[in-house]
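Q: Since chain E is already given, all that's left is putting chain Y on it; use the hints.
Chain order of the listed sequences is E and Y. Per numbering that gives the first Met the number 0, residue 0 is the first one in the first sequence, and the count goes up by one each step. Per numbering that gives the first Met the number 0, residue 0 is the first one in the second sequence, and the count goes up by one each step.
Mixed in with the good hints, there may be bad ones.
Computed footprint of chain E on chain Y; a stretch qualifies when at least three of its residues, placed anywhere within it, have a C-beta under 8 Å from a C-beta of chain E [to be verified]:
no., segment
1, 33 to 47
2, 132 to 138
3, 161 to 174
4, 273 to 283
Taking lysine to aspartate or glutamate and the EDC-like style, the derived pairs with C-alpha atoms no more than 20 Å apart in a straight line are [as the list claims (entries may be wrong)]:
no., chain 1, residue 1, chain 2, residue 2
5, E, Lys209, Y, Glu88
6, E, Lys472, Y, Asp48
7, E, Lys190, Y, Glu88
8, E, Lys130, Y, Glu50
9, E, Lys157, E, Asp479
10, E, Lys103, E, Glu92
11, E, Lys131, Y, Glu50
12, Y, Lys178, E, Asp231
13, E, Lys209, Y, Glu172
14, E, Lys271, Y, Asp162
15, E, Lys209, Y, Glu97
16, E, Lys80, E, Asp479
17, E, Lys103, E, Glu147
18, Y, Lys63, E, Asp422
19, E, Lys355, E, Asp314
20, E, Lys482, E, Asp338
21, E, Lys366, E, Asp302
22, E, Lys130, Y, Asp48
23, E, Lys141, Y, Asp48
24, E, Lys217, E, Asp240
25, E, Lys141, Y, Asp186
26, Y, Lys178, E, Glu207
27, E, Lys190, Y, Glu50
28, E, Lys400, E, Asp338
29, E, Lys190, Y, Glu58
30, Y, Lys178, E, Glu232
31, E, Lys209, Y, Asp186
32, E, Lys131, Y, Asp48
33, E, Lys131, Y, Glu58
None of these hints come from the bench; they were simulated from the model. Computed from a predicted model, the values in this text were never measured in an experiment. Backbone N, C-alpha and C define an ideal beta-carbon position, used for all residues, glycine too.
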Amino acid sequence: MSRIIFNRRAFLASTASAAAMASLGRSGWATEAAPVKGGRLVVAGDSEPANLNPAIVASNGVFFVASKVIEPLAEQAYEGKDGLSPRLATSWEGSADGLTATFKLREGVTWHDGKPFTSADVAFSALEVWKKLQNLGRVVFKNLERVETPDEQTAILKFSQPTPFQLIRNALPVVTSVVPKHIYEGTDIAKNPANQQLVGTGPFKFGEYKPGEYYLLKRNDAYWQKDEPLLDEIVYQFLPDRAAAGNALEAEQIQLAAFSAVPLADLDRISKVPGLKVYANGYEGLTYQLIVEINHRRKELADIRVRQALAHAIDHDFVVKTIFLGYAKSSSGPVPAYDKTFFEPDVTKYDFDPAKAEALLDEAGYKRGADGNRFTLKLLPAPFFNETKQFGDYLRQALAKVGIDAQIVSNDTPAHLKAVYTDHAFDITVATPVYRSDPAISMTILFESGLPAGVPFSNQYGYANAEIDKLIKDAASTIDADKRAGLYKELQKKVADDLPLINVAEFSFITVARDTVQNVSDNPRWAVSNWSNVWLKQ
Amino acid sequence: MPPLVSLFLKRLLGALPVLAIVLVGSFLLLEAASGDAVDAYVARSGALDAEQMTQLRQEWGLDKGPVYRFKAYASALATGDLGWSTAFERPVASVILERLPITLLLMVLATALAFLFGSLLGVIAGARPGSVRDRFLSIASLAVYAVPGFWLGLVLIVIFAVDLRWLPIGGIESIASGKAGLARLADIAAHLVLPVTSLATVYLALYLRLMRDRMSEIWHEPFVQALRARGLGRSRIVWRHIARNAVLPVVTMLGLQAAAMLGGSVVVESVFAIPGFGRLAAEAVARRDTPLLLGIILCSAVTVIFANLLVDLAYGRLDPRVRTGR
Chain E
0 MSRIIFNRRA FLASTASAAA MASLGRSGWA TEAAPVKGGR LVVAGDSEPA
50 NLNPAIVASN GVFFVASKVI EPLAEQAYEG KDGLSPRLAT SWEGSADGLT
100 ATFKLREGVT WHDGKPFTSA DVAFSALEVW KKLQNLGRVV FKNLERVETP
150 DEQTAILKFS QPTPFQLIRN ALPVVTSVVP KHIYEGTDIA KNPANQQLVG
200 TGPFKFGEYK PGEYYLLKRN DAYWQKDEPL LDEIVYQFLP DRAAAGNALE
250 AEQIQLAAFS AVPLADLDRI SKVPGLKVYA NGYEGLTYQL IVEINHRRKE
300 LADIRVRQAL AHAIDHDFVV KTIFLGYAKS SSGPVPAYDK TFFEPDVTKY
350 DFDPAKAEAL LDEAGYKRGA DGNRFTLKLL PAPFFNETKQ FGDYLRQALA
400 KVGIDAQIVS NDTPAHLKAV YTDHAFDITV ATPVYRSDPA ISMTILFESG
450 LPAGVPFSNQ YGYANAEIDK LIKDAASTID ADKRAGLYKE LQKKVADDLP
500 LINVAEFSFI TVARDTVQNV SDNPRWAVSN WSNVWLKQ
Chain Y
0 MPPLVSLFLK RLLGALPVLA IVLVGSFLLL EAASGDAVDA YVARSGALDA
50 EQMTQLRQEW GLDKGPVYRF KAYASALATG DLGWSTAFER PVASVILERL
100 PITLLLMVLA TALAFLFGSL LGVIAGARPG SVRDRFLSIA SLAVYAVPGF
150 WLGLVLIVIF AVDLRWLPIG GIESIASGKA GLARLADIAA HLVLPVTSLA
200 TVYLALYLRL MRDRMSEIWH EPFVQALRAR GLGRSRIVWR HIARNAVLPV
250 VTMLGLQAAA MLGGSVVVES VFAIPGFGRL AAEAVARRDT PLLLGIILCS
300 AVTVIFANLL VDLAYGRLDP RVRTGR
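Okay, chain E solo, but in the shape it has when bound (with noise of 0.2 Å):
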């Protein structure tokens, strides 16, 4: 309305938009120029985690911010050596008997108040606050028994149990944020002051926080990287309102917004603005699979046929172009295309074909009542994102076309939670568990059985199968990284005939950024990468 009769710029738009449309792909952050130094780079805020130590809270919203201030041993990259990039580390080795990672460390690097950086620093992180604290390090550094440190920079991990450096190597963008000794030594680690005001070594230092308003990051001028960091200040401003990031870049009151903190359903016309870029890359190392949980309790969800069946009546199609406006993949098990090592194309496959999920029903003894339907189910789409939701309503419709009346019930995050992974109040779920770069880091306990309930994003569908239990564990404790991908393959092939849940597509998130914004979206964790050489055209 107001749009069509006040905005001018608009206007002038519609003639020149076709050049400033959304740049998709790599091409997006070829630069031309010559990086310029200084100027502030004021980013849409995600959350404001109370906690904001990446070493113990090695979530997206921690690292959103903390990951520009504290830094890993390596953060991943579109090239490079196991698709790494050093950081605090410059080489790493496993042994062959799978009890011992050597990491060399970089030399020259301080901590943001001026103490040095040494080998000290990675084996308190990794004893006090990885193995013991970090939700994923406990899983990661479960066998960690030691760390030797002959000299300043090297650090030895030494592990009770043989444990795949194929996995350590993949986790180290995400598990090992190192903290200085220095500040948490002889202190309560959780409750440390240092967790909000963070101290790292990263090339922007902590400034400000104000509590619902933004944090503040300023560059640190001894940082590592000769001529890094290129911005003065980052700032994060928190935009609690939907439509909020939106207008504030079009405004240019912010300059960029990634997690999707543009809606799907803006991006149409965002993209159109000129001035702004849609970057659907940088999210490569975290993406989300949206699958249909079942609860194998239930006597019709037990049945394979049933659950064959709910996965030929889902279109993914429709899913990708509709519900994802084209930003997904369709996806037919646990690992995302991306990851190469590890992905298994080659499994059985459930076409759209609602005509051979009734037969399939029909078969397992589930004909069609009086009122057309055969069974009714509890449906808990997940309130994360709005596709979950959508996703929801769309499998309703989908269920009922073949006779299974889905009823949704409806819950916020917490309540939610409780439903599914303590209550296992549920017939089927959307949810949207996500890839971190190796299957043993959150894949696996999605089919492992034994867990106890309460564990939120693991198997409490009351599935249990020998056989890929014993895959899981071995896989857990073999070194030799091809056979240890092979089992991961393996395991693929068999979710893929057994169905403990249904993988409809793979999705990640979206950046929008001012067109002055560069190198925006150049390695596949970049939004929570630290950004040393992100600057700002004039």
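A: Then chain Y, alone, in the frame of chain E:
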């Protein structure tokens, strides 16, 4: 003790049973909601294993029953301790004190604006009931009254912040601008224009209608006819006699609306990214932070009691008939 303070304390004492009921009720409601603070925390932090979740529940006292927890809360409250916010990992009192002034500022400004312009326009409309002016203002106010505050806020943002770029899009002041003194005040004022306008407009329309309707009734009262018969000037009748009488229900409404305005600020604060009380309340619910929510409710209740006290005092000023009730 100054009379105002003792009066306020007396009111507060009288309101204690109500406060207690509100507290117990909110506690039970939050208790009845499925999922606790740890579930909410897990959703934000990715994943935790069973051991960590048990640990966190112990640390936050969630492993104990609701009766135990409420008793503990109440006994701490009796000593003036509002408790520990699980969402912010800080004392509730410090979280609230940070946000309260901002919401109060927003509310006071919006109320003042709504009252001032609402009653003023009401007088203009009510001075000649049935005139063109009156009809125009009546219809316009009805239209404005039908508009939800948040929608108005979004429209104002699109027009004045996105398209015209006259005003900032949100926040309470420019981020880390280093402004001080008058420059900072001006900056805050610029940030408040849109949120205050969208919060005030709806109430402005309400006060306008109240004022105008009451005035058009008073025109028919015998005392007005007596005044006219004595040959008093029209403007003197309108201002000194009719408006003064008509403003009483508006003032009453002012007190009643104090609570509603707190509610309205939840939405407006979200739309304009203002770090206020309302947004905090929404967050406390989403994160199942019982102590924080109870603290917010307590503070809001005290604010409303205080606002009504002020209204009563003003009432005494305006109407000599009720000046005694102390």
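Q: Among all the numbered hints in the text so far, which are the ones the structure does not match?
A: 2, 24, 25, 28
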